[in-house]
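Here is how the chains run, residue by residue.
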Amino acid sequence: MKAFASKKITWIAVFTTTALLLFLFDSAFPRPLPWLKPGLANAVTLLALYLFDLPTALLIVILRVILGNLLFGTLFSPTMLLSLGGGVAAALVMGLSRFLRPGLFSPVGLSVLGALTHNAVQLALAALLIVRSDHLWALLPWMSFSAVLTGLLVGLSTWLILTRLAASHLLKIDCLKAIDC
Amino acid sequence: MHSWIHSIWDRLTPADRIVILLPLALGLFFVLQDLRAPRSDRARVTAEGQAELLIDLSVDSSYRVSGPLGMTELRVADGRVSIVASPCRQQLCVAAGEIWRQGQLLVCAPNRILVRIPGSSANPYDGVTE
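Chains as they are written, first to last, in my numbering: chain A, 1408 to 1588; chain B, 2 to 131.
Source of the hints: derived by calculation from the structure; they are not laboratory data.
Hints are not guaranteed to be accurate.
Stated by the list, open to error - Chain B regions said to be covered by chain A (calculated; three or more residues, Cβ under 8 Å):
no.: 1; stretch: 3 to 16
no.: 2; stretch: 31 to 38
no.: 3; stretch: 51 to 59
no.: 4; stretch: 104 to 110
As the list claims (entries may be wrong) - Restraint-style ranges between C-beta atoms, simulated for each label pair:
no.: 5; chain 1: B; residue 1: R76; chain 2: A; residue 2: K1415; range: 32 to 40 Å
no.: 6; chain 1: A; residue 1: R1539; chain 2: B; residue 2: A96; range: 33 to 41 Å
no.: 7; chain 1: B; residue 1: W10; chain 2: A; residue 2: P1509; range: 16 to 24 Å
no.: 8; chain 1: A; residue 1: T1417; chain 2: B; residue 2: H3; range: 26 to 34 Å
Ideal Cβ positions, reconstructed from N, Cα and C, are used throughout, including at glycine.
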């Protein structure tokens, strides 16, 4: 039991660090369009959902947001509220559909769903709590474009990682119905 | 050439395809509507806890608006308004460029500033709540 716990903690640390690195890379990455943020850290959330469970994935998201905003000096700021809300909501929606309706979405679909949730929740939080204006919703169509685009990118990467991992037998992955792994 | 796209598309579930195509279709519809909106010669600037600022886009000038992080600088040139300097980290509002069509927005969420080109009939809230 003790061995299991320390192994799990190590995995959580590795996943959190990877998510944090991708989060930092995301912010430094030049953007062709202002709303086109890759959201690469979502790949780690998605992987955690396939390799572990929803609570572990949520823990990784929360740790990543706290550490990322600590590094940027935006701890407990509106920016952190937006990343926390978007990240947690995306993990919840992806996790619930993965575990309640397994096989309904492939990792690619889950990733797009997560990206859409992330953007919509961030916009809702900004409209309700930060800028306090309904006019913000005018940005939703633009954000749904970028969500599908970045969601596909992240989803396809995760799909590749999962198929490689499953083939390597390094980790036990319950087989993905839609995807041959 | 696009055979790899087909091979990926073939492996997606029906729900995958819906979650990809539906937002693209809806997004395209609303974006095309936005792009057809007529231009306007005024913009409204909203900052937290301050009176709304109405600016004239027909006169080139610059404005400074204060928010919780500091001063956000707006510039009006050639009938268009843009945010040229902002104290926020991500600089999304600066990257968003110029706006001039009815319904367009510039937002700096960290500094809680919203610049909007008010619409005419398209937006029933104008003139009712403002």
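- Query: Checking C-beta pairs, does the stretch 51 to 59 of chain B have three or more residues closer than 8 Å to chain A?
  - Reply: The restraint on the stretch 51 to 59 of chain B is violated, since only 0 of its residues have a Cβ under 8 Å from chain A and three are required.
- Task: Given the hint of 26 to 34 Å, check if T1417(A) and H3(B) actually sit that far apart at their C-beta atoms.
- Result: Taking Cβ atoms as reference, T1417(A) and H3(B) lie about 42 Å apart, which means the hint is violated.
- Item | Coverage assertion for the stretch 104 to 110 of chain B with respect to chain A, Cβ distance below 8 Å, three residues required | Check passed, 5 qualifying residues.
- Message: Please verify the coverage claim for the stretch 3 to 16 of chain B: does it have three or more residues whose C-beta sits within 8 Å of some C-beta in chain A?
- Response: holds (count 5)
- Query: Do the Cβ positions of R76(B) and K1415(A) conform to the proposed distance bound of 32 to 40 Å?
  - Reply: Between R76(B) and K1415(A), where Cβ atoms are some 53 Å apart, the hint is violated.
- In terms of beta carbon proximity below 8 Å, does the stretch 31 to 38 of chain B have 3 or more residues touching chain A? holds (count 3)
- Query: Do the Cβ positions of R1539(A) and A96(B) conform to the proposed distance bound of 33 to 41 Å?
  - Reply: Hint violated: Cβ distance 23 Å, outside 33 to 41 Å.
- Determine whether the Cβ-Cβ distance between W10(B) and P1509(A) falls within the hinted range of 16 to 24 Å. Between W10(B) and P1509(A), where Cβ atoms are some 21 Å apart, the hint holds.
In summary, the structure is inconsistent with hints 3, 5, 6, 8 from the numbered list given earlier, while agreeing with the others.
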